[in-house]
Amino acid sequence: MGTQKVRLAKSQRQIQIFEKHLLRDVRALERMLKEGWFDDENLRIGAEQEFCIIDKNFRPAPKNQEILNKLDNPSFTTEFSKYNAEINCIPREFKGKCLSEMHNEIDESLAMFQSEAEKLNVQTILCGILPTVRKFDISMDNLTPLERYYALCKAINKLRGDVYELKIRGIDELIMKHDSPLLEACNTGFQVHLQIKADEFVQMYNIAQAIAAPVLAACVNSPLLFGKRLWMETRIAIFQQSVDTRNTSDHLREFSPRVTFGNAWLKDSVLEIYKEDIIRYRVLLSTELTEDVMKKLDTKEVPLLEALSVHNSTIYRWNRPCYGISDGKAHLRIENRILPAGPTTADEMANAAFWLGLMNGFKHEIKDVTKLMDFDMAKSNFANAAQHGLDTKLAWFNGKTISANKLVLRELLPIAKKGLKKAKLDSADIDFYLGIIKDRVKSKNTGSQWILNSYKKLIKETTIEETMTIITAGMVKNQKKKLPVSKWKLPGIEDKLPVDHTTLLVEEFMSRDLFTVQPEDIVPLVAEIMDWKNIRYVAVEDEKERLVGLVTSRLLLRHYSHNSNVEDDPAPVKTMMIKKPITIAPEATIKEAMEKFQKHGIGCLPVVKSKRLIGIITAEAFMSITQRLLKTS
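Numbering (this note's numbering), first residue to last: 266 to 898.
The set of hints was computed from the structure by calculation and includes no laboratory data. Positions of the beta carbon are idealized from the N, C-alpha and C atoms, including for glycine. Some hints could be false.
Pairs of lysine-lysine, DSSO-like flavour, derived with a Cα cap of 30 Å [said to hold, decoys possible]:
#1 Lys682 x Lys493
#2 Lys561 x Lys809
#3 Lys628 x Lys561
#4 Lys682 x Lys632
#5 Lys328 x Lys747
#6 Lys321 x Lys362
#7 Lys362 x Lys725
#8 Lys709 x Lys725
Ranges between beta-carbon positions, derived for each pair [as the list claims (entries may be wrong)]:
#9 Ile280 x Gly301: 16 to 24 Å
#10 Asp641 x Lys844: 37 to 45 Å
#11 Arg811 x Asn369: 26 to 34 Å
#12 Gly700 x Met888: 31 to 39 Å
#13 Glu306 x Glu630: 38 to 46 Å
#14 Lys362 x Lys745: 35 to 43 Å
#15 Lys839 x Arg777: 18 to 26 Å
#16 Glu852 x Val741: 36 to 44 Å
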């Protein structure tokens, strides 16, 4: 989030003061570019490693602050949710063994975090989206309790209201509403930074935009959310929708989403992006601003440009320009935000090597990428790659159309290799990391494909929830082996690890595929539904999906036995349904469900949240689940 000491820009006066400093920062940056203030000699790379914290049942574990307080290490920091954390890697000069050194640093940092995590009976996992995350895991209760996160949530809510809609269609479809931007906490990424010479920024930024799609296609690792198979990189869709401050009614106007690929090629300077962001995006956050930037420049002191940094931190370009200071000198860099966390640190560093190599390789091969393709093609390619991964058909240079996997293997890997050699990186590192990309793309076994193949295999033998758990357990197991994802084997039902059954929740085992009727529907319709679908219970809901009753096969038999003219003069369902059925909440435990079945002698529990029917669990299904759980214990 850039600076830690941020707050919601509440009053008009606060906004005006911040805007004044923002404009001064832009003028200062313009002067610095003209006067050559930037470090163009010691070009560095950096990275931010986000990861999830999970419990022994492979569910989110909101323990980040407890562990970070124990570590007391400035390299670690919090993330949006309590079950995510981040490692900030040391910036390194882009040469020699910088890749393997960064790889070692990440491994050592994760091991350090894991050591403290184990004391709390939790562990870490690298994944773009945690397969086992549930809707109630993204409630405000799991927001990391720091002022900057509260401020950002309040600011976004202020602009768009308190209801967040998510609509994503892949193999399955997810349509849901939520009450906070914590949806974004489903995502974890691996952000890679590359320092850029000031006079090369336009050329390099446009290259980053052009190569975003094929790089993403080769690195996808997030195909699932809430048990639904969506995009090959669902992170992209979630992030775009979770912090979209536009209202539905705004969409006919040209309002820009705060998560953006951009709208045009860069022409003259990085200033175009900063100015565009000031024009298009309202101020969300503020901070204490005392810096006189022009006075600092007059005295040859490098300014912090705090207002510009804070505003930039609330606009989420997939390739984000960044201003920074290192060793007392100002620098510009590009932050690549498209890469997911995982599947392993080796895969992540391979992704970084691929991107860095392409950036440096195309720098020496192409003077102006904008003459080779339209911007709209680059933007469309990116959206398509997020949805389809390596199967994407890309609109490439000079009007060529080519599949992502062929483009990577035939053209991009050789360019990446040249780029890394030009930067004088260690040859063994180059071969090792680009070899991982080659194996992954050749086999088409990306992280997303491994997850989808695992899902396809497991779903035939068990529930969606158990499938998510086994996949997550498999990811943890393979990450510990440190094998790149191209070498992972698919998990089987036998790979399910013992879990504490008493902590498992109704939401994890309930059926979501519901067959319901309304109170005014006729009784014979219920009878046919039960017959056609071979079920014994049908819930009754009103037009707002609120549960108002339940029909059982026993009630239906009784109704038919007492009424001889059911077919000719059918009664409405409301005349014979159970009007106040026993229900259970989705966050209730399996143990609580079992107690309700036993106490009330019932065979079905509708699952209700805020009076709305969201699932159902039957005693028969419950027994099947518990028997299977006992077998795997």
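C-beta pair Ile280, Gly301: status relative to the range 16 to 24 Å that was hinted:
This hint is violated: roughly 33 Å between Cβ atoms.
Measure nothing beyond the straight line between the CA atoms of Lys682 and Lys493; if it is 30 Å or shorter, mark the hint as holding.
violated (37 Å)
Per the hint of 31 to 39 Å, is the separation of the Cβ atoms of Gly700 and Met888 within bounds?
Violated, at about 50 Å.
Compare the distance between the alpha carbons of Lys709 and Lys725 with 30 Å, and conclude whether the hinted pair is satisfied.
holds (23 Å)
Hint consistency between Lys328 and Lys747 [alpha-carbon to alpha-carbon, up to 30 Å]
Holds, at roughly 25 Å.
Note whether the CB distance of Glu306 and Glu630 lies within 38 to 46 Å or breaks it.
violated (23 Å)
Is it true that the C-beta distance of Lys839 to Arg777 lies inside 18 to 26 Å, as the hint says?
At 25 Å between Cβs, range holds.
Using the C-beta atoms of Lys362 and Lys745, is the stated range 35 to 43 Å upheld?
The hinted range 35 to 43 Å is violated for Lys362 and Lys745, with Cβ atoms some 24 Å apart.
Verify the CB-CB distance for Arg811 and Asn369 against the hinted window 26 to 34 Å.
violated (56 Å)
Run the distance test for Lys321 versus Lys362: straight-line Cα separation, threshold 30 Å.
violated (36 Å)
Hint check: Lys628 vs Lys561, CA-CA at most 30 Å. Holds or violated?
Not OK: Lys628 and Lys561 at ~34 Å, beyond 30 Å, violated.
I want to verify a distance hint. Is the separation of the beta carbons of Glu852 and Val741 within 36 to 44 Å?
violated (24 Å)
The structure shown violates the earlier hints numbered 1, 2, 3, 6, 7, 9, 10, 11, 12, 13, 14, 16.
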